[in-house]
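Residue numbers (our numbering), protein chains in the order written: chain W, 48 to 526; chain P, 48 to 526; chain Z, 48 to 526; chain X, 48 to 526.
I should point out that these hints are in silico values taken from the structure, not numbers from a laboratory.
Heads up, some of the hints might be wrong.
[Unchecked claim] Incomplete in silico selection of chain P near chain Z, CB under 7 Å:
id : residue
1  : Phe-175
2  : Val-443
3  : Asp-455
4  : Ala-478
No residue lacks a Cβ here, since even glycine has one placed at the ideal position from N, Cα and C.
There are 4 protein chains.
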Amino acid sequence: MRSKEEYHESLKAMKPNVYMGGEVLGRENIPGLDILDLTFDITKVEEYKHLTTTTSHLTGETINRFCNINQSPEDLMAKQEMTRVTARFAGGCIARCMGIDSLNALSVITHMCDQAHGTEYHDRFLEFMKTFQKNDTVGCCAQSDVKGHRLRRPSEQTDPDLYLRVVEKKKDGIVVRGAKAHNSFAPLAEEIIAIPTRFLRENEGDWAVAVAVRGDSPGVKLVCRGSSYRERVPELAGLHSGKGEVESLTIFDDVFVPWERVFLCGEAEFGGQLALLFSLYHRHSYTGCKPAVSDVIMGTAALVAEYSGIEKEGHIGSKLAELISAAELVYGCGIAAAVRSLKTPSGTQVPDVVFCNVARKHAGVNIYHEYDLLCEIAGGLPATLPYDKEFISPEVGDLVKKYLKRVDEVSAEDMYKLYAWVSDITCSGMAGVMQYAGVHGGGSPIMEDIAILRTYDMAEKKQLAKWLSGIEQVPFDIG
Amino acid sequence: MRSKEEYHESLKAMKPNVYMGGEVLGRENIPGLDILDLTFDITKVEEYKHLTTTTSHLTGETINRFCNINQSPEDLMAKQEMTRVTARFAGGCIARCMGIDSLNALSVITHMCDQAHGTEYHDRFLEFMKTFQKNDTVGCCAQSDVKGHRLRRPSEQTDPDLYLRVVEKKKDGIVVRGAKAHNSFAPLAEEIIAIPTRFLRENEGDWAVAVAVRGDSPGVKLVCRGSSYRERVPELAGLHSGKGEVESLTIFDDVFVPWERVFLCGEAEFGGQLALLFSLYHRHSYTGCKPAVSDVIMGTAALVAEYSGIEKEGHIGSKLAELISAAELVYGCGIAAAVRSLKTPSGTQVPDVVFCNVARKHAGVNIYHEYDLLCEIAGGLPATLPYDKEFISPEVGDLVKKYLKRVDEVSAEDMYKLYAWVSDITCSGMAGVMQYAGVHGGGSPIMEDIAILRTYDMAEKKQLAKWLSGIEQVPFDIG
Amino acid sequence: MRSKEEYHESLKAMKPNVYMGGEVLGRENIPGLDILDLTFDITKVEEYKHLTTTTSHLTGETINRFCNINQSPEDLMAKQEMTRVTARFAGGCIARCMGIDSLNALSVITHMCDQAHGTEYHDRFLEFMKTFQKNDTVGCCAQSDVKGHRLRRPSEQTDPDLYLRVVEKKKDGIVVRGAKAHNSFAPLAEEIIAIPTRFLRENEGDWAVAVAVRGDSPGVKLVCRGSSYRERVPELAGLHSGKGEVESLTIFDDVFVPWERVFLCGEAEFGGQLALLFSLYHRHSYTGCKPAVSDVIMGTAALVAEYSGIEKEGHIGSKLAELISAAELVYGCGIAAAVRSLKTPSGTQVPDVVFCNVARKHAGVNIYHEYDLLCEIAGGLPATLPYDKEFISPEVGDLVKKYLKRVDEVSAEDMYKLYAWVSDITCSGMAGVMQYAGVHGGGSPIMEDIAILRTYDMAEKKQLAKWLSGIEQVPFDIG
Amino acid sequence: MRSKEEYHESLKAMKPNVYMGGEVLGRENIPGLDILDLTFDITKVEEYKHLTTTTSHLTGETINRFCNINQSPEDLMAKQEMTRVTARFAGGCIARCMGIDSLNALSVITHMCDQAHGTEYHDRFLEFMKTFQKNDTVGCCAQSDVKGHRLRRPSEQTDPDLYLRVVEKKKDGIVVRGAKAHNSFAPLAEEIIAIPTRFLRENEGDWAVAVAVRGDSPGVKLVCRGSSYRERVPELAGLHSGKGEVESLTIFDDVFVPWERVFLCGEAEFGGQLALLFSLYHRHSYTGCKPAVSDVIMGTAALVAEYSGIEKEGHIGSKLAELISAAELVYGCGIAAAVRSLKTPSGTQVPDVVFCNVARKHAGVNIYHEYDLLCEIAGGLPATLPYDKEFISPEVGDLVKKYLKRVDEVSAEDMYKLYAWVSDITCSGMAGVMQYAGVHGGGSPIMEDIAILRTYDMAEKKQLAKWLSGIEQVPFDIG
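Chain W with its partners taken away, still in its complex shape (with noise of 0.2 Å):
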């Protein structure tokens, strides 16, 4: 495993084509960097040990969880764990668990699809997987396609280019274009994981194609957008002031990729599975992070109610209960999805459709009831806070900081501290990312509901429907 250290010489090393504001950065100025060295550094932490690192099936070395394949229930548990764990530390998405995830769905669809077709991309798979758990590699997964007409399929767009796909095949790869939205954290991932975003038809294999690319492969653009907590001066500052996210677009323009590294190449019934696979993955691992946000709005918002006198209104104890739900409904069905997972013949294990899918869409329509929780709870002054200059100016500072005092017990300062960060978390750039990352990450509500209904055993509710009304008769003795 490496060190942070050894991570930045690592992207230090990488070619510069991360556009941004009108220039073009170096990786190691790009905003979220911190987010990932956690999972780094946390990988040191004795507590945490057992969570954040394990044992690899392919090698038998000692890996970081974040590049492990799940072989067992007790292996999906402790992602879901440590997943949870390093989340709250992060104050929201990890960053680093769309690489593993993508790769997760990988292991079983190159196993599925080279049983069907005798292709080979399960020994490429897993030779690409030794040296990315050997490296400790940061993978990101790039999957939502720009998607043009949103009515429109792959093969009906205007413009063909709209969803990625092969357009040329050589002797020694593949040349792929096209562009991937919402990819969070791109330009501080080694390798970019392109994969499918939705079912294709028979005639769409253009458009069915796997890969890894190196993030700064020629043809590479990342146009990125970043998203910050406010600067605050150093004696007031949170864990994270000043820092923040990363988001890209994408582009793959004309990207050449060696044949070692593609994983799936035309076969049209497997990109949906593909798309679909991953996607309960990274279902699965919101049972871990959206349960970690509502730690950070739930001990923030009963911290507020401390700090100002009223924790024990009865008001607040059901807003707090209302939040500990949210948190705990979201992430009991992640373990339930374990306890009901399945082992596919690639050896990886999968976990249950229906809990992920009933967990991610809790997790998505509840999220901005959450923050509408804590905006209750903390009254008005996240959103009218003076700033941080205001509050250590000699001129007005000693009224700014008597003017701030709530119950006797806390400081000014503490209050102050606590207060910014609910701005922070409520009323900056990050809080609406941080909102539509709560609907929108790893599926919307609405792509949770095909996805449930699509798999739910409905015939078997009707069947008991027909029962209970008499219209059939129950096949055993009973009543």
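Given chain W, work out where chains P, Z and X should sit, using these hints.
Below, chains P, Z and X without anything else, positioned relative to chain W:
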């Protein structure tokens, strides 16, 4: 294990003390008998035997799982699944969990009390339990006291009997007085397990009493109310037409209880713990039965949609997905509660408090909405459906059939049966009772809030907020 | 204006064509008669006369407002207020608005049709209306066709009779065939006003038919279903104990209608407009009756809270405030609909479409939640309350009274009466019918969405978005 | 009436006392100035003049309606409509209602106080008002005290200054000390109207103080925080790009106020009434501005749907209908509040308490949900949209344009502008501020509950429950 016929014999032998509608009824005429019959019949159905029967840890004999004291996470999961399966056939409450839930709680608390006070409750309890299992006994739990003024404690009421209490201690036993409300299916139980309903103060030892009494003991008076689905002509009847359930106000009018049936008597601090632990087991049971209620609602709704030709409409799918989510969030957290369960010194396995409570709460806050969804999908007909007598009438029957017709593939008879069933579960006295049970059964949402807030580690979450906001430093080296 | 006794005489004179529970019933025995009686009695109560009576714009005579064609915003406001006042005493549906709402719609559409087609419907209608007012007639509106396959149009059904249609035109009148569902209180109406239920295409003129038929005309068959509150011993009875309401599947088995009672016949484009306009008037009526339902629910909930000693608890207040909001948002928009109403060329005043529909929709999406709130405040007792026979029983009555006691100030009798009433409105067949009426009566939420989206000026709002986003320039000099 | 240029001159003449980000800023550089400019410009736009100007009842001169004391229901309706119209162009808060709302409240309370105490506040107020109107003054209202420990009264705080209070009475005026929080747009106001924030006890006369102070009076210190939409290159800019708003913690550091500007001083019982009445006027203003916010959200959402090709999808329609309902329920109740308004002895017209409060509450409890709906319709792009600099970049601009394209009819530029606007209103610091304003501005939902419960005639509703349940007889002859 008994057959339902043996059970009926036992009921017939009981002395008449059931008051209902101005009559004293024999137990064989009480609505709800078919539900309890089901719990005997289903032990004979091959495909469910692995769920409905198990091996007694006390005697090693095969027993009905409704008589089992849970010893492992697997036990808890099997109980949950059995509850869902049987409650589906019941179309709702399966009646027999209350008794065994209270006995599971007693198995833990009697042991704890003995450790603390040197009492002998646990051995008594185990003796009682062996007989209970051997006889395949039907028990119920009488918990909710009538409570009088809601803001006053037991010792503060104008009438001290508004919570069940010990009025006399004798050499061979005790005399109890009071009344327990909302005692579902009590007249069909052979044993009534009475336990406290709330936390008690030191001076409230008289109210800290747990006993098992035969349902027809002298002084026991069951003042009952029945709710039924409408009676229907045989050719149009559903599985439960004309049947229903029964509720009891169970009065203990100075009932003598011999010591071997007394499991708590005066140890005030265990009164509340027993109350809470029964609730916990019962809420865990709800993670089985409540999804079954959702199964019934969603299966019915999906069949209505199919029979009306609208099954593929987008808004139908999204409503069904809501119903699925309601069911599976609750069920998933029941599984998680088993995974995170703890073994107590008594050997009994106790499910996780937070997962059980968020699940039960979620069920409770959603139940009316589930009926709303069914109502929206069904349209107005369940409220205005002609009677069965007109459907088969020589005079107007053909016209009724003509005008109830929807899609070609479904006969007017099947349409009628289905809508009559919807009418039964949404527009009958039973419907309201099921709505109330969904909200209040096993504890209202506000009670779950209390249980959650009492248990949840919010200090850990506030600590997190202190780290993130910079009020305190993270005590290890990350980020 | 008539007395209820005169109205009863009229009902008794009608020929028997009400089929219910295997019998042909006389109209004096139909549940719901007391509700219609109320609409006569209340015109005699001094404090409500300004609401319940008005002056006919046709004859200048004093009439029951339930027979009025609205001529002004003030008329619409008075109708709304009368509806709330009378529906309160009815404890729900006041039954008589449907008829007059359809007549208001006809007053407009007959005029429009005459203008467009040179027909003579409006004069006919005015003649009919004069008699209707003079006789203080009870009318009902038969709108909802039985509809068959829900995704097929009238002309696409396997059986063309699934929407009411003209099957023969004669010299002196027409013959209609079909059936109308959900026809509340129809057997208690002297006149049935039948109108179309949806938009019709040019080739669907046969289904564009509006007529007034006497309730006992040859060929009319009312297949009915009653719902009632429980009967109760006189000393414990409430205002409506043992009473209820009636729904009819109204079959037109080749009914002859003379021309002077035909108000639309073949003019397809006015079929949909008539359907929509009736719905509009009826939704405006809901802005009166639905707040009355909320009044009943909130008053009952507040009294339960008072009788239990918990009236001052914070969560009770917030639940009551939710109920108040539900009522007054709907009522307020009814007022706004009158303020923004329009006078049509016919002279009739038409309420605003958007305000009526957002109000009706809000009522519909909240109704189950309102019952939920009452259920939460009431606790489980309404579902488990002993029968009145036990309350007065010499054997157990004293015990029941002892144990139903709550706060000292309220007698067990009053407690019982109140809880029996809660049980009536939440755990009876009536409760379900009221929930369905709340959702579907006058149009389901999905129908209101359609009406809103059809009418609302969204283009103006998109224009605003273009200005704000810089896509287009604001065309005047601001900012 | 002034032009915005004259207003700017006035601002420039004010002494510098605005502290923000470590600087003392001149008022011409404060974010939000464009919003106030709008209130001057729009009085010149012909089509809105009937709304934005009116005739002073004091002087008979034409005045800006933002300076008007409402004299009739029509005045209230016009104010509501003006507020919606202007707030639309502002894309949110129109800033100038706070001042005039407090002056309306003062017009009533000064009169009442004079009647009760023989004081001379009302005449003083009228003099002040004439000048205010003549000068077309911009006022703001400083109400929310900083409050300290939330469960302690003003007189119970450790520091008595945590609520604004009189610290000295002099011959020619008074000295006040304290601070008011959440003072939107205060640095852009020429007059600050300070009034109490809560009910006061008899011994709390020192805190019962209402004054008008010039924004740059000695001792006044405005500690400010700005929130802005992102700056954008001119060719892609929207109407408000780079602009925003400002909030102030307004400190009264021993400010002297001459008697002619003192409108309450010591009359404790009127402190709470004044607080409540300002809130009432301000909540009525919300019935105008909050629907405007919904207009912006829904127009934007509808345009996004159109530009993505999904406008006709069912779930889009139902989401738009939800947004329409949110807007129009609030707006409709604002109209009803004017219809049911009352004329006070002062001549000022006061809107209905219940309708204003249910409307404001409804807006508050829905605001986060409205953003959620926009987020769901928009998809993830607003959170990940590349910067404008890349859109116009010679290096990657063409690729960005290629991949942002959706439906053929809409250019990439328009797509970009629209999404950049969505990003502005949902993923910027402004977005959070607007969410907080939506919840807390003018009073949080919990404050509206209190106002509603205090006012609503619940006794009448309980009476109804007594009649219906048979506890009491209906006192007149019905049914």
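Hints, verified against the model:
At a threshold of 7 Å, the smallest CB-CB gap from Phe-175 (chain P) to chain Z is about 27 Å, leaving the interface hint violated. Hint status for Val-443 (chain P): holds, given a least beta-carbon distance of 5 Å to chain Z, under 7 Å. Annotation: Asp-455 (chain P) was flagged as interfacial toward chain Z, and the flag holds, the nearest CB pair being 6 Å apart, inside 7 Å. The closest approach between the C-beta of Ala-478 (chain P) and any C-beta of chain Z is roughly 5 Å, which is under the 7 Å cut-off, so the hint is satisfied.
Checked against the numbered hints given earlier, this structure breaks only hint 1.
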